[in-house]
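Participant: Listed below, chain by chain, are the residues.
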Amino acid sequence: INHIVHNGGLYKRPFNEAFEETPMLVAVLTYVGYGVLTLFGYLRDFMRQWKIEKCQNATEREEQKDFVPLYQDFENFYNRNLYMRIRDSWNRPVCSVPGAKVDMMERVSHDYNWTFTYTGRVIKDIINMGSYNYLGFAQNAGACQEAAAKVLSQYGAGVCSTRQEMGNLDKHEELEKLVARFLGVESAMTYGMGFATNSMNIPALVGKGCLILSDELNHASLVLGARLSGATIRIFKHNNMQSLEKLLKDAIVHGQPRTRRPWKKILILVEGIYSMEGSIVRLPEVIALKKKYKSYLYVDEAHSIGALGPGGRGVVEYFGLSPEDVDVMMGTFTKSFGAAGGYIGGKKELIDYLRTYSHSAAYATSMSPPVVEQIITSMKCIMGEDGTTVGEARVQQLAENTRYFRRRLKEMGFIIYGNEDSPVVPLMLYMPAKIGAFGREMLKRNIGVVVVGFPATPIIESRARFCLSAAHTKEMLDTALKEINEVGDLLQVKYSRRRLVPLLDRPFDETTYEETED
Amino acid sequence: MDVKGTWSSLYWLFCQFELITCSYLMEPWEKVLFYSFNLAMAGLLLYTAYVCVAFHVSSAFQLLGSFLGNQQENALSVVK
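Chains as they are written, first to last, in our numbering: chain A, -6 to 511; chain B, 61 to 140.
These aren't lab readings, by the way, just hints derived from the structure by calculation. We put the CB at the ideal spot given by N, CA and C, even for glycine. Incorrect hints may have been included.
Derived lysine-lysine pairs resembling DSBU-like cross-links, with alpha carbons at most 35 Å apart [to be verified]:
id, chain 1, residue 1, chain 2, residue 2
1, B, K91, A, K437
2, B, K91, A, K44
3, B, K64, A, K437
4, A, K201, A, K230
5, A, K403, B, K64
6, A, K284, A, K170
7, B, K91, A, K487
8, A, K117, A, K340
9, A, K170, A, K5
10, A, K475, A, K403
11, B, K64, A, K475
12, A, K242, A, K117
13, A, K257, A, K239
14, B, K64, A, K44
15, B, K64, A, K487
16, A, K47, B, K91
17, A, K284, A, K258
18, B, K91, A, K58
Residues of chain A clear of chain B, computed beta-carbon distances all greater than 10 Å [said to hold, decoys possible]:
id, residue
19, F33
20, D38
21, Q42
22, K44
23, P86
24, L240
25, V246
26, K285
27, G313
28, A430
29, Q485
This is chain A alone, in the form it adopts within the complex (with noise of 0.2 Å):
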């Protein structure tokens, strides 16, 4: 499992990553499931359609039914017939602050989760485990709220401009240099939505005529960002380093399709964690074939920055690498920062052209104060210039709650998925009757978890996502392991077959279909 050795001493610490194959016997038993609810979703929806059942879903209207239907592909069938039954675990409405314990509005619903009313009572205290607040900066009282409170009544709420018009405030300019320095790149540029610098962003950087190397779970934003670029998009099988450099070899060797002109840009995307798998992407080695093949490297830090590394720094500390092999160096500030929004980091040419040329620099609005406030605040708490070491007391809090909660998990003999640094932990469950059992047993036992099925995973590997935080005392911890273990035992989640099985690390040809061998 120690990888130092094979791959030329890249790697100054051991890279744990492990993902267990499904038991067989757990596949066949998932599909069986998937298949008992198809034919009930092809019962009801016959059903429906001759009237006997009301149609309480959304359905074309009486003059339309002769077009062609916009309802009878797979997404709406499953949409109906298998999200509907299992609806209640989803958008459950919180009413204070996403720290460590949350409160929550009680709802029921009486037809079968087509409608929910609110009984009116309040869950208080539930552990929330859901919420990426990894360094615990979501909080309603302390330093940072003071701060923004205060920037609140200086400069109100709303900006009412676009960075490039009227927007740019004198506070975006102090977070930019800050967050630069935070990085240890030369220059930074911060936006209002993360979900939009990354979307709004590629397009400007590259264009027709450029090749972009994806990941195989790369986030929508990045994909959306690749499609809207008009970019040729290849994708790499998942952190797999092997599949990389075969797709690298054959852009510089053949270069564009029919052309055969060499690619303009060699664009590689990846995530510094993936945050449905838990793991690491393998950055030593994507920076060592990025330097051999002359390409440029992106990667998104959203759940990264604040929860790695000694310092806090995110992926590239976490490695000992230096910021300045990273091309483009991407965040958001609403996982460990508490706030909203996202930055991009690189050289000071690359970050100019932006603020020139970016979708989002140009035509949304920019950041709200109290937001770069908090943001700021949160910040040199974690660097550790505002006197005082609750910053660095956070990001060692966070690293031992994510070894601590990982140990005991694989002990209680669950399959958990990811790196063993990674503070986000996915605990698979596969079969569809037990993603609702399992949120909702955890929420009858006050622990508030987030379940993972279909379109955000493949379809038998369904599962429930723990996100840890700083905030989570030992004490939390053990109350909801606990309450894990028991409804572990009463739904039958605990899979593995503890035996260790190391990463494959033999070139990746035509004959290996599986990442593990027995």
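Got chain A; can you put chain B on it based on the hints?
Facilitator: Leaving out everything else, chain B in the frame of chain A:
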């Protein structure tokens, strides 16, 4: 006198069956339909097993018996 224990373990097994076949998610009338279909299938299976297996086993024994009988007759004829 562990009736309570057996009942609770049977109930637990039933819950596991419900979770695996997703009848946990069904509305009551769907559950009735699903369980009656399952019980009908199980009943048919048991009936077929009872009728056919008994018939096949007894006919297999008869065949074996006829082989042994032939052997005895053949041996007797040789001796004669």
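Participant: Hints first: check each against the structure and report whether it holds.
Facilitator: Going through the hints against the structure:
no., hint, result
1, B:K91 x A:K437, "24 Å, holds"
2, B:K91 x A:K44, "21 Å, holds"
3, B:K64 x A:K437, "25 Å, holds"
4, A:K201 x A:K230, "24 Å, holds"
5, A:K403 x B:K64, "33 Å, holds"
6, A:K284 x A:K170, "28 Å, holds"
7, B:K91 x A:K487, "27 Å, holds"
8, A:K117 x A:K340, "47 Å, violated"
9, A:K170 x A:K5, "30 Å, holds"
10, A:K475 x A:K403, "13 Å, holds"
11, B:K64 x A:K475, "26 Å, holds"
12, A:K242 x A:K117, "56 Å, violated"
13, A:K257 x A:K239, "19 Å, holds"
14, B:K64 x A:K44, "46 Å, violated"
15, B:K64 x A:K487, "26 Å, holds"
16, A:K47 x B:K91, "19 Å, holds"
17, A:K284 x A:K258, "13 Å, holds"
18, B:K91 x A:K58, "32 Å, holds"
19, F33, "6 Å, violated"
20, D38, "13 Å, holds"
21, Q42, "17 Å, holds"
22, K44, "17 Å, holds"
23, P86, "23 Å, holds"
24, L240, "40 Å, holds"
25, V246, "50 Å, holds"
26, K285, "50 Å, holds"
27, G313, "46 Å, holds"
28, A430, "6 Å, violated"
29, Q485, "6 Å, violated"
Hints 8, 12, 14, 19, 28, 29 from the earlier list are contradicted by this structure; the remaining hints agree with it.
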